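Undergrad: Okay, so the sequence shown: first residue is 26 according to the numbering used here, each after it adds one.
Because the hints were derived from the structure by calculation, they are not lab data.
A few of these clues could be false.
Unchecked claim - Computed cross-link-like contacts, BS3-like style, restricted to lysine-lysine with a CA-CA straight-line distance of at most 25 Å:
(1) Lys257 x Lys76
(2) Lys203 x Lys131
(3) Lys82 x Lys257
(4) Lys131 x Lys82
These numbers were taken from a predicted model, which means no experiment stands behind them.
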Amino acid sequence: MAEATTTQKEARHPVDTPMPPGPSLLYALQHVLSMYAGVVAVPLIIGGALKLEAGDKFYLVSAALFMAGVATLLQTVGVWKIGARQPIVQGTSFVAVSSMLAIAAKDQGHEGLQKIYGALIVAGLIGFLIAPIFTQLLRFFPEVVTGTVITMIGLSLIPVGVGWAAGGVGSPNFGQPKQYLLAFITLMLVILIYRFLPGFFGRIAIILGLVLGTLVAIPMGMTDFSAISEAKVFQVPSPFHFGAPQFEISAIISLTICMLVIMVEATADILALGEITEKPADRDTVTNGLRADTLSTAVAGVFNGFSLSAFAQNVGLVAITGIRSRWVVAYGGGILIVLGLLPQLGALVAAVPMPVLGGAGLVLFGTVAASGIKTLKEVDFSGNANMVIVATSLAFGMLPIVQKGAYEHFPAWFRTIFDSGITSAAIAAILLNFLFNIVGRSGEEGPVFSYGPGIGTISEEDEDRLEEEGMQHLRRHRDRDRNAD
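Could you put the whole structure together from the sequences, leaning on the hints where they help?
TA: Laid out in structure tokens, this is it:
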């Protein structure tokens with residue numbers, strides 16, 4: 026019996042292996058500090074647009090943290106067929122911000138929130154129901170697509186890190202030299218910790234960099250702890266705190282489109298984590314992950330949160346630390362819930378200066394891009410087909426990033442989809458891969474397909490095999506490496 030137990034433990038994948046509580050808490054706190062700014066930004070933006078009072082804004086921030094924690098636990102631990110059971114940190118998505126701001130422009134105050142929450146509930150439920158249908162697209166996600174999208178995730182996040190390093194967009198001191206100096210000091214601290222403190226300290230280099238960077242910021246006069254005294258000691262989010270939801274058709278349509286975009290990005294993040302953790306995500310994993318995303322969004326509409334999705338910066342943290350256990354991230358979900366219930370603790374975490382977050386963020390975001398390049402290393406670049414796919418998709422994805430307002434004269438639905446560099450690159454990569462690697466010329470025997478460098482005629486008995494190849498493409502190169510060893 027003892028031998029069987031030992032064998033079972035040895036066979037358990039690192040993603041499913043718990044770690045001791047002490048290190049788990051530290052690694053989890055590192056995840057929380059890396060994504061905190063992204064969670065609180067959306068409720069502050071929406072609260073400001075709705076012209077809410079300070080107390081209501083603090084309430085929205087606490088509710089957003091609480092729901093991010095609940096969603097993270099649902100995604101990591103899982104319930105039934107809900108949750109990818111990967112080390113995924115869930116946070117408030119920026120995709121729906123523009124649509125929610127449009128609602129806020131028409132109806133401010135609590136009425137605007139009621140229409141936003143009504144639309145979120147419906148959009149989340151629609152996404153939950155269509156998740157199994159949506160993941161049929163996985164056959165179109167071979168390595169040339171996933172590698173491109175993972176690279177694009179990192180590239181699209183780097184401008185965010187630069188904005189943080191400059192002091193945060195909208196800050197009165199934005200872009201001043203001392204902002205960049207503090208970010209550079211934090212960046213160098215993280216790099217030096219990685220270089221000279223191996224093992225455990227190297228794995229918590231981000232959190233050490235954030236703490237040390239904040240300490241450096243104090244004598245520079247770049248910290249503000251005043252929000253701690255203004256926040257409540259304890260607060261429990263209550264259902265429909267701002268009133269019963271209102272279900273307006275235009276708002277529902279707008280946020281449902283946003284939900285579909287979030288699902289595309291979440292699919293990319295789940296596939297990226299599968300690659301990074303060496304536990305490739307199959308269709309069931311992605312479907313369950315999307316169910317967690319969409320259900321959490323619907324529940325957030327009840328408990329005064331906003332749309333939720335996997336945070337790409339934490340994908341980078343998994344890659345750079347090598348800590349793959351989903352149970353560590355589950356601890357992070359618990360920390361987020363506590364921060365939501367204890368607003369003063371949340372305000373303390375929020376006191377980390379933006380440039381400090383930016384310095385650490387540049388390392389994290391660059392790591393995501395590097396992970397995508399690593400995935401692309403497995404792609405066959407003989408000929409020019411895959412080269413064209415990668416080059417064109419990255420260029421298309423970078424367009425709305427390097428040229429702000431590139432699509433300002435396009436319809437709102439188009440901007441909702443293609444203002445996201447990640448979504449733009451994903452759509453381009455999927456379509457181009459279909460054009461170059463799947464669909465060929467039609468012949469007498471029917472349509473000609475190719476899934477990889479060769480071209481052949483697909484028959485009915487090959488259809489299932491073709492789909493399975495697409496679903497398991499990420500798994501194959503790992504198996505080859507193991508056999509070679």
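Undergrad: Given the hint that Lys82 pairs with Lys257, does the C-alpha gap stay at or below 25 Å?
TA: holds, 12 Å
Undergrad: Against the 25 Å threshold, does the CA-CA distance of Lys257 and Lys76 hold or violate the hint?
TA: Satisfied, since the Cα-Cα distance of roughly 20 Å is no more than 25 Å.
Undergrad: Lys203 and Lys131: Cα distance at most 25 Å?
TA: violated, 39 Å
Undergrad: Taken at face value, is the distance from the CA of Lys82 to the CA of Lys131 at most 25 Å?
TA: OK: Lys131 and Lys82 at ~19 Å, within 25 Å.
Going down the numbered hints, you'll see the structure goes against just number 2.
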